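Since chain H is already given, all that's left is putting chain U on it; use the hints.
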Amino acid sequence: MEAFFLKLVNLSLSAGWLVLAVTVLRLVFRKAPRWVFCVLWGLVALRLILPFSIESSLSLLPSAEPLPQEMIFTAQPQIESGIAVVDNIVNPMLEASLTATVTDSANPTQIWSFVLSRLWIIGAAAMLLYAVCSAIRLKRKLATATLMQKNIKRSEFVSSPFIFGIIHPTIYLPYDLAEEDLQAVLAHEWAHIARKDHWWKLLGFALLAVYWFQPLMWLAYVLFCRDIEAACDEKVVHELDADGRRAYSSALLNCSIRRSSMAAYPLAFGEVGVKARIKGVMNYKKPAFWVTIAAVAGCIVMALCFLTDPKQEEVLPQWDCTAVSAGASLTVFSEEEITSSTGVLTFQNRNLFPVEIELRREEETKLIREIQPGGVLSFMQAEKDCIYAVGMSADVVNGEEIHIMVYDGNQAEAYSLFSAPQTPNTERPMLNMDGAFYIDPYKPETRLPHGFTQAGKLSAEQAYNTGLAGTVYFTNPDLPGEYYTYQICGTAVAVDEVDSEQRQWGYLRWIPAELEALENRRLTLDDIVFLSEKGDELTWNDFDGYLYTETGFGLYIRLYPIDERFGLSVGGAPGKKLSYILLSDGVSDDFIDIRTEDVRTFLK
Amino acid sequence: MAAPKVFESEYRFCLILWKNEPINSTKLAKLCAEELGWSRTTTYTVIKRLSERGVVKNENATVTSLVSKEEVQRAEMDEMMEKTFEGSVPAFLTAFCKRQALSDAEIEQIRRIIEK
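Just so you know, the protein sequences line up as chains H and U, in that order.
Just add 19 to wherever you are in the first sequence, counting from 1, and you've got my numbering.
Just add 1041 to wherever you are in the second sequence, counting from 1, and you've got my numbering.
No wet-lab data here; the hints were simulated from the structure.
Check each hint, because a few of them may be wrong.
To be verified - 30 Å max Cα-Cα, derived DSS-like pairs, lysine-lysine:
#, chain 1, residue 1, chain 2, residue 2
1, H, Lys330, U, Lys1046
2, U, Lys1089, H, Lys160
3, H, Lys215, H, Lys330
4, U, Lys1046, H, Lys169
5, U, Lys1089, U, Lys1068
6, U, Lys1089, H, Lys169
7, H, Lys596, H, Lys553
8, U, Lys1110, H, Lys169
9, U, Lys1089, H, Lys158
10, U, Lys1124, U, Lys1068
11, U, Lys1098, H, Lys158
12, H, Lys160, U, Lys1124
13, H, Lys169, U, Lys1060
14, U, Lys1046, U, Lys1060
15, U, Lys1124, U, Lys1089
16, U, Lys1139, H, Lys158
17, H, Lys160, U, Lys1068
18, H, Lys158, U, Lys1046
19, H, Lys330, H, Lys294
20, H, Lys158, U, Lys1068
21, H, Lys160, U, Lys1139
22, U, Lys1098, H, Lys160
23, H, Lys160, U, Lys1060
24, H, Lys169, U, Lys1124
25, H, Lys330, U, Lys1089
Stated by the list, open to error - Cβ-Cβ distance ranges computed for the label pairs, FRET-style:
#, chain 1, residue 1, chain 2, residue 2, range
26, U, Thr1086, H, Leu79, 35 to 41 Å
27, H, Val151, U, Lys1098, 36 to 42 Å
28, H, Asp262, U, Pro1131, 35 to 41 Å
29, H, Phe232, U, Ser1092, 47 to 53 Å
Bear in mind that the values here come from a model prediction, so they are computed numbers and not experimental data.
Glycine is no exception: its CB is placed at the ideal position from the N, C-alpha and C atoms.
Isolated chain H (complex conformation) (with noise of 0.2 Å):
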């Protein structure tokens, strides 16, 4: 349901803008015929209901899906309006406030969009609720009316001429209406039936109920009402001479009693609105030909720049050219064949060592350039639309693959193109932090160790090529050389086990490579909390590979350390059963035995 939600609310961002432009062209062209702005309302209903929409250049919203979907599944969540001024104000604010942090449990977003979505139907539901008791409450009022001529009723429970009934519209007439006000009335309740005004107005109503958040609907809801009764005044006049307008135009002061315009039903005679309608009426003057042939021109051209959305950023290719070494200063070529239609070839270096590449086309050789590793170079000479050859060559091995990725256009678009993070099948994942390589070889944990606090967010060449680019990472001080990410990982289902298929949000811990795979590791919370489950069948092997200092004489007594909060004491005679584990909380100044009580509400 949160995603149908945000397609609504992405839905009426689009349709606000349309409802803006049109009620600017009400406020400009006064004199234009009703019948004109009822159906560009009609548009706007067209673009609330359709959830797809075609493209198109000539379109004038600024963005197809301000509100991306991603943007519930996210850390992180960003908007895309189209208008860089909001985007700026907004997306810190978001970052600020919806950005997860250490201590939750759930995505902010998330919890978010459960509650809007929740709280969008209940909104939803109780309109029409009241919609449809309201509905019948007065088909048991006008029980009583009695029949005048085929479908006209009267009624004393009528103060001002309405319509009721979808299938069969009946005019409701009160007792006192002046004979010479009769037929004025009939002419305009006629000529609402004639354009089926009654599933219009329900139709908007409806609408109305399902976007209620958007203000500007209700806006739109209030003006199309005013429309409807100003296009059918004007059908109406449009036959009669002067005196004609005139006995119109006191039977519409006659009948004006204050009806509350809000109601879906009924179509009612005097209204809020009447002296607008009684000049509207006086003046009216039939509109030439080119009048009409203009508006229906521009309904046209409100529907293409209204109701299609803009085009879209086109994904430029990219290829991952792989070669294998045939030896230092050897050039081996690619197999891929590069065409290029931005004119701009990015070539990025993957491996850990320096590459020179060679790019060529038709056997002749337009650049020789040596990359870094993680570096990137950009050729702006390329011609459009030729093919191309990369060759490399490196000071590696014989047999060694060598990774360099080409992308078409400029590299800093072709950085926001990941998404997911996404490991290279042949690479180890590596982040660049400080010019030195981290990698990650423990298990995903599901809290944050203590002492370490947000340092920001990964920038490209950090992400390296892991895609994590834009992720949040955690450094803690007094441990240099250690970073920890939150992103999606697998989940540790026991102390030495990681179901990558079930994937979750999570801390990943990064080390440097050259120490790949520690003998000793830093024991963490979550191990305890496996740990704890084996209770009395714990013994010193299950200790084996974390890090500890040794404090006992002849009895051993280890202290691992776990994070600045809590540690882990364990004793016991050595080949023997073990003593006491304990774990204690350095701020409360409480322990426990992991084996007998509860590590889980102990950590809270």
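Here is chain U on its own, set in the frame of chain H:
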């Protein structure tokens, strides 16, 4: 004795009743459907409401009126006098005469009705 209040739509129902009473309720419902456009349920509801108010009587599916047409008309006029003319007979008569030219005999008839 003040006649009970009758709404305009109910008055039209009473007109049919006065013309045809005593009448079987089913037949009455049929007449109302033809002349007023009422559904059968509506007619029965109105009969029930009016009998609660003491305007009609429904015994063994036969409907008769408890109040005569003159009584209802008088009640209407009383109300109109109070509301529109603030109880002033001269004011009412002036307004009435301005609308229509009356013969002396007609004026006399009206006076008798008012003073009854």
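Hints, one by one, checked against the model:
1. H:Lys330 - U:Lys1046: 70 Å, violated
2. U:Lys1089 - H:Lys160: 16 Å, holds
3. H:Lys215 - H:Lys330: Roughly 36 Å between the alpha carbons, so the hint for lysine 215 (chain H) and lysine 330 (chain H) is violated.
4. U:Lys1046 - H:Lys169: Roughly 29 Å separates the two Cα atoms, so the pair holds.
5. U:Lys1089 - U:Lys1068: Distance ~16 Å between lysine 1089 (chain U) and lysine 1068 (chain U) Cα, so the pair holds.
6. U:Lys1089 - H:Lys169: 27 Å, holds
7. H:Lys596 - H:Lys553: 14 Å, holds
8. U:Lys1110 - H:Lys169: 28 Å, holds
9. U:Lys1089 - H:Lys158: 19 Å, holds
10. U:Lys1124 - U:Lys1068: Violated, because 37 Å separates the two Cα atoms, which is more than 30 Å.
11. U:Lys1098 - H:Lys158: 27 Å, holds
12. H:Lys160 - U:Lys1124: The hint holds at about 25 Å.
13. H:Lys169 - U:Lys1060: 24 Å, holds
14. U:Lys1046 - U:Lys1060: OK: lysine 1046 (chain U) and lysine 1060 (chain U) at ~20 Å, within 30 Å.
15. U:Lys1124 - U:Lys1089: 29 Å, holds
16. U:Lys1139 - H:Lys158: Violated. Lysine 1139 (chain U) to lysine 158 (chain H) sits at ~40 Å, over the 30 Å cutoff.
17. H:Lys160 - U:Lys1068: Since the Cα atoms of lysine 160 (chain H) and lysine 1068 (chain U) sit roughly 24 Å apart, the hinted pair holds (cutoff 30 Å).
18. H:Lys158 - U:Lys1046: 23 Å, holds
19. H:Lys330 - H:Lys294: At roughly 45 Å apart (the allowed maximum being 30 Å), lysine 294 (chain H) and lysine 330 (chain H) break the hint.
20. H:Lys158 - U:Lys1068: 25 Å, holds
21. H:Lys160 - U:Lys1139: Status violated; Cα separation ~37 Å.
22. U:Lys1098 - H:Lys160: 23 Å, holds
23. H:Lys160 - U:Lys1060: Holds - the C-alpha atoms of lysine 1060 (chain U) and lysine 160 (chain H) are around 26 Å apart, at most 30 Å.
24. H:Lys169 - U:Lys1124: 34 Å, violated
25. H:Lys330 - U:Lys1089: 68 Å, violated
26. U:Thr1086 - H:Leu79: 35 to 41 Å: Since threonine 1086 (chain U) and leucine 79 (chain H) have Cβ atoms about 57 Å apart, the given range 35 to 41 Å is violated.
27. H:Val151 - U:Lys1098: 36 to 42 Å: 38 Å, holds
28. H:Asp262 - U:Pro1131: 35 to 41 Å: 38 Å, holds
29. H:Phe232 - U:Ser1092: 47 to 53 Å: 51 Å, holds
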